[in-house]
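The residues making up each chain are set out below.
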Amino acid sequence: MCQNPHQKEINPSHFEGSSEEKATANVVDHDFMNYTQGMKFFDPHMHMSSRTTDDYQALADAGVVALIEPAFWLGQPRTGLASFKDYFSSLVGWERFRSSQFGIKHYCTIGLNSREANNEALAEQVMEILPLFLQKEGVVGVGEIGFDDQTAAEEKYYRAQLELAKEMNLPVQVHTPHRDKKKGTERSMAIALEHGIDPKMVIIDHNNEETVKSVLDQGFYAAFTIYPFTKMGNERMVEIVKEYGPTRIMVNSAADWGISDPLAIPKTAALMKIKGIDLEAIRLVTYQNALDAFAQSGQINESDFIHGIEIDQSQKFNGNTVLRGGQAPRINKNSMIIR
Amino acid sequence: MYSPVILEEILRFANPTESIWIDSKSKGNAKELALAFVMTPRFISKTQVKSSNIIMEGWSWEDYTLEKIVRIYFLCLISEMDGGDQLNLLFDTAEINEAVALHAALPALKNPTDFLLRATDAVRSNMGSVFESIAFENPYPSLYFSELAWNQMVLKCIFNDKAIHRIYGLEARANQALAGTLSDFAHERWAAGRRVPSQVWRLVPLFMNENLRGDIKKLEQSDNPRDILAAELVNKEIAQPGSTKEQWKELELPEPIYQA
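Each protein sequence line maps, in turn, to chains A and B.
In terms of my numbering, the first sequence is numbered consecutively and its last residue is 1112.
In terms of my numbering, the second sequence is numbered consecutively and its last residue is 1684.
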């Protein structure tokens, strides 16, 4: 996850758009919500622990009704089991609650990420507590797991967690490496198949133009992270949907602690609409496919959020909340006066 | 041992498939029961049971779901077999609905005071439903909280505009320190141009002093009919102790500090 916008030249775009398209993108940037009225979105990959309440508010305003937060690393390695335990607990506790305050249904996937799999002593302890968390309500898969440096330790814990997923009949959310991505992606898929896992239970994440064909051909779900500089831009995403169609393709924002955009899905939907992709295809790649893939866990009930989740008045208006002390639920960001 | 009476209540509402699942899980050891607690929503429906059975004074199950009662049952079984380690693990890893069931179960666990810190931590929680699971319709705080912890819970409830009448033991545990702090709190709110929910004044009649008499005078002169009623009730309660209990019900409504 490149943090430095000045390094973008080392991650060249695979898609060179026309100047007309660049102009369109700028228009969408300013006014994308004019194009997405009435649409609803499901973002299957957002690290909300890193985001502010402003982001939640913006997501709710833009039509994001549900999201999945995969367990990942925190930018620096954890040094003990308790930190993992508290992090997993926060994904099913505090973060879920925070999200509900804005009317957004929050699910998560739980797993040992590839980077920290390299600390084997700690990884062993984490593996011990995973089954407990994987059985919890609203845990919709094992994730995000897979390869980073593609070390032996990473492979060992990737395999062990595939077995857990199989045993518990849960979908798997696979993080593909930033470096040596193509080989890493192929290897991730080959190992999943070797463990006898049905490819429709596996979501291969962070795809690009180089990986997508093989992922779809082998029957896996292909997720695309719209992420500035290091992953996919949304103009490139539009071209991919034009070329491959909407089947088993989904987009997400990652929305983590790096320079990322939590509104990547609504913005991409707007761009797709402008560029003539039909509404049903947009709905599939920005909502339905993610829902179908992760609902295989048995832990997603669309009726919980399709009409917006009820913001429990006992929790919000009247409540002991992030909106502390009965603070008015919505603040006017442009007002100089703070009451 | 509360597990037998809780099971009896569960069996009134569970369907045959659910009953079989509960029976098979209840024979497990503490670790297996803890996993059953986690997995309960996969096997037990979330139907509201409208149970009016009084298992313990102050422990109201009126808005409980069957799933929540089954979870409480498993927790009782774990505590009755001295599975403290498993209970602590469940507290440490709790998902929101699990946390709610854990705190709701506290009064029925064996050695309830072992979990005093868990209970006061729930009061510290900023998750609305977790706070409510210990504060409302739960006799645990009135039975085991120190005066300091009790007052903290009541104040936090008022601070966050939650309705204090849902706290069990409110009258019985009213005290001088709480009444005094309430006066200070009201002054802060008033200084900020905000309201204090009128029903909170039910906590002061037994503990009147100069400050509180001034506060009641201020209420009498309020533009808000609720404040005026609250002042009337305080004065009436001072004159005739025990005479106002029913009348406070009129003020048992949410009163947001921000009016639309």
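Simulated from the structure, these hints should not be mistaken for laboratory data.
Idealized CB from N, CA, C, for every residue including glycine.
Be careful, since some hints might not be right.
Unchecked claim - FRET-style restraints, in silico, Cβ to Cβ:
hint: 1; chain 1: B; residue 1: Leu-1435; chain 2: A; residue 2: Ala-855; range: 37 to 45 Å
hint: 2; chain 1: B; residue 1: Ser-1443; chain 2: A; residue 2: Glu-893; range: 39 to 47 Å
hint: 3; chain 1: A; residue 1: Lys-929; chain 2: B; residue 2: Pro-1428; range: 25 to 33 Å
hint: 4; chain 1: A; residue 1: Asp-971; chain 2: B; residue 2: Ser-1443; range: 46 to 54 Å
hint: 5; chain 1: A; residue 1: Asp-971; chain 2: B; residue 2: Lys-1534; range: 41 to 49 Å
hint: 6; chain 1: B; residue 1: Ser-1646; chain 2: A; residue 2: Ile-1032; range: 47 to 55 Å
hint: 7; chain 1: A; residue 1: Ala-855; chain 2: B; residue 2: Leu-1677; range: 39 to 47 Å
hint: 8; chain 1: B; residue 1: Lys-1534; chain 2: A; residue 2: Arg-1056; range: 26 to 34 Å
hint: 9; chain 1: A; residue 1: Gly-848; chain 2: B; residue 2: Ser-1469; range: 53 to 61 Å
hint: 10; chain 1: B; residue 1: Asn-1633; chain 2: A; residue 2: Gly-848; range: 25 to 33 Å
hint: 11; chain 1: A; residue 1: Glu-959; chain 2: B; residue 2: Arg-1436; range: 30 to 38 Å
Checked hints:
1. Against the hinted window of 37 to 45 Å, the Cβ-Cβ separation of Leu-1435/B and Ala-855/A comes to about 39 Å, which satisfies the hint.
2. Remark: the range hint 39 to 47 Å for Ser-1443/B to Glu-893/A is upheld by a beta-carbon distance near 45 Å.
3. In this structure the supplied range 25 to 33 Å is violated for Lys-929/A paired with Pro-1428/B, their Cβ-Cβ distance being about 47 Å.
4. The hinted window of 46 to 54 Å between Asp-971/A and Ser-1443/B is violated, with their beta carbons roughly 34 Å apart.
5. Between Asp-971/A and Lys-1534/B the C-beta distance comes to about 45 Å, which sits within the given range of 41 to 49 Å.
6. For Ser-1646/B and Ile-1032/A, the hinted distance range of 47 to 55 Å is satisfied, since their beta carbons lie about 52 Å from each other.
7. Remark: the range hint 39 to 47 Å for Ala-855/A to Leu-1677/B is upheld by a beta-carbon distance near 43 Å.
8. Judged by the Cβ atoms, the range 26 to 34 Å given for Lys-1534/B and Arg-1056/A is violated: they are separated by roughly 53 Å.
9. Look at Gly-848/A against Ser-1469/B: about 41 Å separates their beta carbons, and that is not inside 53 to 61 Å.
10. In this structure, Asn-1633/B and Gly-848/A break the distance hint of 25 to 33 Å, their C-beta atoms being roughly 54 Å apart.
11. Separation of Glu-959/A from Arg-1436/B is about 57 Å and departs from the stated range, judged on CB atoms against 30 to 38 Å.
The structure shown violates the earlier hints numbered 3, 4, 8, 9, 10, 11.
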